[in-house]
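So the sequence lines, in the order shown, correspond to chains C and G. Here the numbering used here is used: position 148 in the first sequence is 148, and no number is missing along the way. Here the numbering used here is used: position 244 in the second sequence is 244, and no number is missing along the way.
Hints were generated in silico from the structure; no laboratory data involved. Predicted, not measured: the structure shown is a model, and the values here were computed from it. In this text, a Cβ means the ideal position worked out from N, Cα and C, and glycines have one as well. One should not assume that every hint holds.
With a straight-line cut-off of 30 Å between C-alpha atoms, the simulated BS3-like cross-links for lysine-lysine are [unchecked claim]:
1) K11/C - K394/G
2) K181/C - K169/C
3) K44/C - K394/G
4) K394/G - K53/C
5) K130/C - K53/C
6) K169/C - K42/C
7) K130/C - K350/G
8) K350/G - K5/C
9) K394/G - K163/C
10) K42/C - K394/G
11) K181/C - K163/C
12) K5/C - K365/G
13) K42/C - K163/C
14) K181/C - K394/G
Now the in silico label distances, taken between C-beta atoms and shown as ranges [said to hold, decoys possible]:
15) G149/G - E69/C: 44 to 50 Å
16) G49/C - H54/G: 44 to 50 Å
17) D189/C - T287/G: 41 to 47 Å
18) D28/G - K173/C: 57 to 63 Å
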Amino acid sequence: MGMIKAGAIAKGTYLLEKTEPFVVVEREFVNPGKGSAFVRLKLKNLRSGAVLKITHKSQDNCEEIDVDEFDAQFLYSDGTSYHFMDSNTFDQFEVPMTAHEDAQYFMLEGETFKVTRWNGETLDIRLPPKKDLIVAEAEEAVKGDTVTGATKYVVTETGLKVKVPIFIKQGEKIRISVDTKEYQERIND
Amino acid sequence: MPFNPKPFNPKPLLDRSAMYHAVRRYFDTHGYLEADTPVLTASPIPESHIDLFHTQVHHPDNGASDSFLVPSPEVWLKLLLAEGAPSLYQIAPCFRNGEQMDRWHRPEFRMLEWYGLGATAEKNAAVMQDVLNVCVEAVRPDAPADVSGRITAITMEEAFRDYAGFSLESDLREAGLADSGAAGTADEVQKKSENAANGMSAAAARSAESDDTSEKALEAQAASEAEALERAAEILAARLEERGLPGGGNTAEMTAASGKSGRMCRETADDLFHRLFITLVEDALPTDTPLILTDWPALIPTLARRIPGTPWAERWELYIRGVEAANCYGEETDSNRLISYWRSESERVKRAGGIAAGVADWPEKIASAMPPCSGAAVGLDRLLALIRGDDDLKGLDLFTKHDMIRR
Numbered sequence: 001m002g003m004i005k006a007g008a009i010a011k012g013t014y015l016l017e018k019t020e021p022f023v024v025v026e027r028e029f030v031n032p033g034k035g036s037a038f039v040r041l042k043l044k045n046l047r048s049g050a051v052l053k054i055t056h057k058s059q060d061n062c063e064e065i066d067v068d069e070f071d072a073q074f075l076y077s078d079g080t081s082y083h084f085m086d087s088n089t090f091d092q093f094e095v096p097m098t099a100h101e102d103a104q105y106f107m108l109e110g111e112t113f114k115v116t117r118w119n120g121e122t123l124d125i126r127l128p129p130k131k132d133l134i135v136a137e138a139e140e141a142v143k144g145d146t147v148t149g150a151t152k153y154v155v156t157e158t159g160l161k162v163k164v165p166i167f168i169k170q171g172e173k174i175r176i177s178v179d180t181k182e183y184q185e186r187i188n189d
Numbered sequence: 001m002p003f004n005p006k007p008f009n010p011k012p013l014l015d016r017s018a019m020y021h022a023v024r025r026y027f028d029t030h031g032y033l034e035a036d037t038p039v040l041t042a043s044p045i046p047e048s049h050i051d052l053f054h055t056q057v058h059h060p061d062n063g064a065s066d067s068f069l070v071p072s073p074e075v076w077l078k079l080l081l082a083e084g085a086p087s088l089y090q091i092a093p094c095f096r097n098g099e100q101m102d103r104w105h106r107p108e109f110r111m112l113e114w115y116g117l118g119a120t121a122e123k124n125a126a127v128m129q130d131v132l133n134v135c136v137e138a139v140r141p142d143a144p145a146d147v148s149g150r151i152t153a154i155t156m157e158e159a160f161r162d163y164a165g166f167s168l169e170s171d172l173r174e175a176g177l178a179d180s181g182a183a184g185t186a187d188e189v190q191k192k193s194e195n196a197a198n199g200m201s202a203a204a205a206r207s208a209e210s211d212d213t214s215e216k217a218l219e220a221q222a223a224s225e226a227e228a229l230e231r232a233a234e235i236l237a238a239r240l241e242e243r244g245l246p247g248g249g250n251t252a253e254m255t256a257a258s259g260k261s262g263r264m265c266r267e268t269a270d271d272l273f274h275r276l277f278i279t280l281v282e283d284a285l286p287t288d289t290p291l292i293l294t295d296w297p298a299l300i301p302t303l304a305r306r307i308p309g310t311p312w313a314e315r316w317e318l319y320i321r322g323v324e325a326a327n328c329y330g331e332e333t334d335s336n337r338l339i340s341y342w343r344s345e346s347e348r349v350k351r352a353g354g355i356a357a358g359v360a361d362w363p364e365k366i367a368s369a370m371p372p373c374s375g376a377a378v379g380l381d382r383l384l385a386l387i388r389g390d391d392d393l394k395g396l397d398l399f400t401k402h403d404m405i406r407r
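Next comes chain C alone, as it looks inside the complex (with noise of 0.2 Å):
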């Protein structure tokens, strides 16, 4: 366990808050007019998924968890949980999806992920920002319809609803960001 000054925590900072997991999902400083300067946090429970917001003057100390980070393959999901197997020791071990609900999206059967671990407990799973997926369900455009920047929503092979132009058809691969889960562009392989 380290002290890291709140106004060094980054975005991806993992941080121990009254004796509960975080990572740091949002930081914006904010410096008064007259008064010491202030880190606003926007923070995620790893165990359950709840957002805190929270701030911390930047003189302040905080608990930075050390995490350890390996790679491990993504097998299956049961709808509770994930399955992953530990690329090094082949060991499989599960990751409850309640603070994870969006990897579901952006992870397929087979693919591997940097997993971090704390005190044997799975932390988090560490997705890219940018994920490529085929889409498994759309709509046929409406012959005619050239309005530009006319979209049409679409689910992707993992199940997300996405809104994309209206020219993306079924079977093509668009790129998604993580982040806000909307569509980028579209791949041509």
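Starting from the known structure of chain C, arrange chain G on it as the hints suggest.
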């Protein structure tokens, strides 16, 4: 304009130019004189929360002397006012070191600062509305209501009741901050108003008192003020603790975290207030129209004058889309308070290991002749970005790899 065939995006320059012209046109036609004051100074205003850019002036045959880039034109403008200048405004380059660089912070920025003679903070809120209107009109007449709508004004007390769920005023009164502190003791306030009624100036009244009496009175006042601030710190820390927020209880947690076992890390009342305000209130303020938050706690050391009989100071901050874009004080004019504020800020700067500025004559000059007025300051880069509908200051950067923000 001669044609230059190279591709160039003139929008940030055009928007800024349009805004500056609008600002100048407004103040030039409303009785203000434009000032242009130095950027380099040997004796900056001491501000314990502002880190300065430090440089040196090299004298060809006589070594070097310390110099600083100004964090605002405040000291110059106040000096001009004390020397008899009319209402003033300035669009000034300002520099602040040691701050985090993010969406809304840059080490160098442009500030619009103005002082209206005889004005109050309330009067300046109306000027702020005018300035906002002319800037929106010049840059983006069809801007949405979050920046172009009429400014809503709410008091800090209302904001605390609505968003933090308790009365800050009751807490501050309970601490005894309604009748001590920056307004002076009740006796002093009484004496002042009697003097005013008799047509006696504050300076004349002071010189009429024996030095001894006023010295003792000041000491007694400082002691009772310190006690009230201690009580306020306890009450505010309890509010934080009730909500399980950092800084609450003042606290074993903090002591352990500081690594100095056995030593209490007691926080000041203004730090505790800011913890509560930033966590519970500031983030919850409505953003559908611009908002002015008025009447800030007088326990925050500033040069905003105290609202008599209350724990509040005559001060507001303007928020647009939740971003702080401007602030304003009804300016303190009492010479003792001005000098003691600068003295204590100077001490704080020294304690924090800051560079002590050179000996200056401006504190005495300003303190002896500060006219009643209200001063406001607007972060022009922020205001422009907000009017444009930007989510950060990047859209205004003229150079992609700005040397100032290279890390």
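> Hint by hint, which ones does this structure get wrong, listed from lowest number up?
Replying inline: 6, 7, 12
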